[in-house]
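Peer 1: Fit chain B to the known structure of chain A by using the hints.
Here's the letter readout for the chains.
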Amino acid sequence: MALAVAGCGADGDGTPEIRVSAATSLKTAFTDYADGLDDVDARLSFAGSDQLAGQIRSGVRPDVFAAANAKLPRALFAEGLVERPVAFARNRLVLAVAADERGIRGIDDLTARGRSLAIGAADVPVGDYTRTVLGRLPDATERAVLAAVRSEEPDVGGVVGKIAEGAVDAGFVYATDVRAAGGRLRAITLPASLQPDVVYEVAVVREARDRAAAQRFVDGLLTGRGAAALRRSGFLPPT
Amino acid sequence: MSVLRRGPGFALVAGAALALLLAFLGLPLVAIFVDVPPADLVGALDDPAARDALWLSLETSVIALTLILLVGTPAAWMLATRRFRGRSALLTVVELPLVVPPAVAGVALLASLGPSGIVGGPLGDAGIELVLQKAGVVVALTFVASPFYVRQAIVAFEAVEPRLLEASRTLGAGEARTFLAVGIPVARGGLAAGAALAWGRALGEFGATLMFAGSFRGETQTTSLAIYERFATDFTGALALSAVLVAASAAILLATKLLTPAGTEVRRAAG
Numbered sequence: 005m006a007l008a009v010a011g012c013g014a015d016g017d018g019t020p021e022i023r024v025s026a027a028t029s030l031k032t033a034f035t036d037y038a039d040g041l042d043d044v045d046a047r048l049s050f051a052g053s054d055q056l057a058g059q060i061r062s063g064v065r066p067d068v069f070a071a072a073n074a075k076l077p078r079a080l081f082a083e084g085l086v087e088r089p090v091a092f093a094r095n096r097l098v099l100a101v102a103a104d105e106r107g108i109r110g111i112d113d114l115t116a117r118g119r120s121l122a123i124g125a126a127d128v129p130v131g132d133y134t135r136t137v138l139g140r141l142p143d144a145t146e147r148a149v150l151a152a153v154r155s156e157e158p159d160v161g162g163v164v165g166k167i168a169e170g171a172v173d174a175g176f177v178y179a180t181d182v183r184a185a186g187g188r189l190r191a192i193t194l195p196a197s198l199q200p201d202v203v204y205e206v207a208v209v210r211e212a213r214d215r216a217a218a219q220r221f222v223d224g225l226l227t228g229r230g231a232a233a234l235r236r237s238g239f240l241p242p243t
Numbered sequence: 152m153s154v155l156r157r158g159p160g161f162a163l164v165a166g167a168a169l170a171l172l173l174a175f176l177g178l179p180l181v182a183i184f185v186d187v188p189p190a191d192l193v194g195a196l197d198d199p200a201a202r203d204a205l206w207l208s209l210e211t212s213v214i215a216l217t218l219i220l221l222v223g224t225p226a227a228w229m230l231a232t233r234r235f236r237g238r239s240a241l242l243t244v245v246e247l248p249l250v251v252p253p254a255v256a257g258v259a260l261l262a263s264l265g266p267s268g269i270v271g272g273p274l275g276d277a278g279i280e281l282v283l284q285k286a287g288v289v290v291a292l293t294f295v296a297s298p299f300y301v302r303q304a305i306v307a308f309e310a311v312e313p314r315l316l317e318a319s320r321t322l323g324a325g326e327a328r329t330f331l332a333v334g335i336p337v338a339r340g341g342l343a344a345g346a347a348l349a350w351g352r353a354l355g356e357f358g359a360t361l362m363f364a365g366s367f368r369g370e371t372q373t374t375s376l377a378i379y380e381r382f383a384t385d386f387t388g389a390l391a392l393s394a395v396l397v398a399a400s401a402a403i404l405l406a407t408k409l410l411t412p413a414g415t416e417v418r419r420a421a422g
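Those sequence lines, one after another, are chains A and B. Note that the numbering used here has the first sequence beginning at 5, numbered continuously upward. Note that the numbering used here has the second sequence beginning at 152, numbered continuously upward.
Hints were generated in silico from the structure; no laboratory data involved. For clarity, every value in this text was computed on a predicted model and none was experimentally measured. Some clues are possibly wrong.
Here chain A is said to cover these stretches of chain B; the calculated rule only asks that three of the stretch's residues, wherever they fall, bring their Cβ under 8 Å from a Cβ of chain A [as the list claims (entries may be wrong)]:
(1) 169-176
(2) 226-236
The following label-pair restraints were derived from C-beta to C-beta distances [what the hints assert, rightly or not]:
(3) Ser49(A) x Arg202(B): 30 to 38 Å
(4) Gly237(B) x Arg236(A): 50 to 58 Å
(5) Gly110(A) x Pro273(B): 29 to 37 Å
Here are a few chain A residues that sit away from chain B, every Cβ distance over 10 Å (derived from the structure) [claimed, not checked]:
(6) Ala74
(7) Arg88
(8) Thr115
Cβ atoms here follow ideal geometry from the backbone N, Cα and C, with glycine treated the same way.
Pulled out of the complex, with its shape left as it was, chain A reads as follows (with noise of 0.2 Å):
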């Protein structure tokens, strides 16, 4: 803890240690990842990506920044914040209901009254992807999925909870989030037609304390324990 406060970059028996911003999808993959490194000490922290965003325009200084899109990497390597972001990982978005519910089978079966939903809230990549999808839908049917939107969730997490603890019935989530409930949701798999293109992208920031520890950390998700991490949790390869 004092090492941290102080700014140090290595723990007691020399190994480095980094910080990593990650998107809340990424939690189950990262930690796998992480528990399995020893040349690194990877300290995670996971948000939605644009609050990660966020931090790091305020002055938060991770050494590594993992979104669930190429969006925000990609601003903060214009604003000179990163280093040029790469793609590392595809997913999935899903409609996922709780694993018990048997009315919903498609989007057309969120337009029935009384339907309730919680999505991303618009600058999450989340919300985004979401919102691609309903834009793709005919105009009425979107009109009533927005309808039964009853929360806009700060980050996938939120959408997570909400439907497992059956606060709403539905909502969009990735696939990965699903497998990572552990039984207790159910995916309902999109049409091609509506699926976006889910693709992750991970930075290593310019003013990191370890820059070679953290591209370490980067090239192992890549190639190394990290892409297996990525693929054992459902994560599809970048290309």
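Peer 2: Frame of chain A, contents of chain B only:
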């Protein structure tokens, strides 16, 4: 030791401590106002989403405060004037939300009043739904803010001179009359201070509201949720809304202090 207690040495130390405390507590709040040019503050309030959030905060916090006063005042009277077995346990339950983290409060509300919660199921069957509703915001605010009032109200009622209460009862007034005609007027300073704290806390509630009531503009998105949403993309807007919240809370606390001069209840109780 005597130097520390009586001499100017300790006054100096205490004065320095006070200056440090004021700087530490005051600086971040002052910084909000320094960071927002007044024009931006007004501009941010022109945003309909911001106005919705401020109005919702005002509405839900006033409803929550009303519930807290109506239920909390007699409850605090009971806890202040009676001595019974298990009183400490009850006081602990009443005070617990003060120290419980907001996320725990949110989980606890979902587990009890949520659709699959222990009471939420039957409530739902009866047609009463709280999650993701304005009523859910009120529930979250009430849960988190009520201890601030009840605690203060107990202290205020306990400070009421027992002779006054005995006199009232001797003159034939019942418990309700004594509570209304003696207890509340004598303790009003402390009650007002507690109400101000509870209102301020309710205005700023975040975590329990987000988890239990969700965030939906015009329905459940209170000012602090709107601030959180703006933080990532519209920092100026977030600062402006924060400034309004700080100013409103400061006004509530200050008004209470000006309306009830310090020590009123103590002097009355002593006299």
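Peer 1: If a hint holds in the structure, say so; if it does not, say that too.
Peer 2: Here is how each hint holds up against the structure:
no., hint, verdict
1, 169-176, "violated (count 0)"
2, 226-236, "violated (count 0)"
3, Ser49(A) x Arg202(B): 30 to 38 Å, "33 Å, holds"
4, Gly237(B) x Arg236(A): 50 to 58 Å, "52 Å, holds"
5, Gly110(A) x Pro273(B): 29 to 37 Å, "32 Å, holds"
6, Ala74, "17 Å, holds"
7, Arg88, "22 Å, holds"
8, Thr115, "18 Å, holds"
In terms of the numbered hints stated before, the structure departs from hints 1, 2, listed from lowest to highest.
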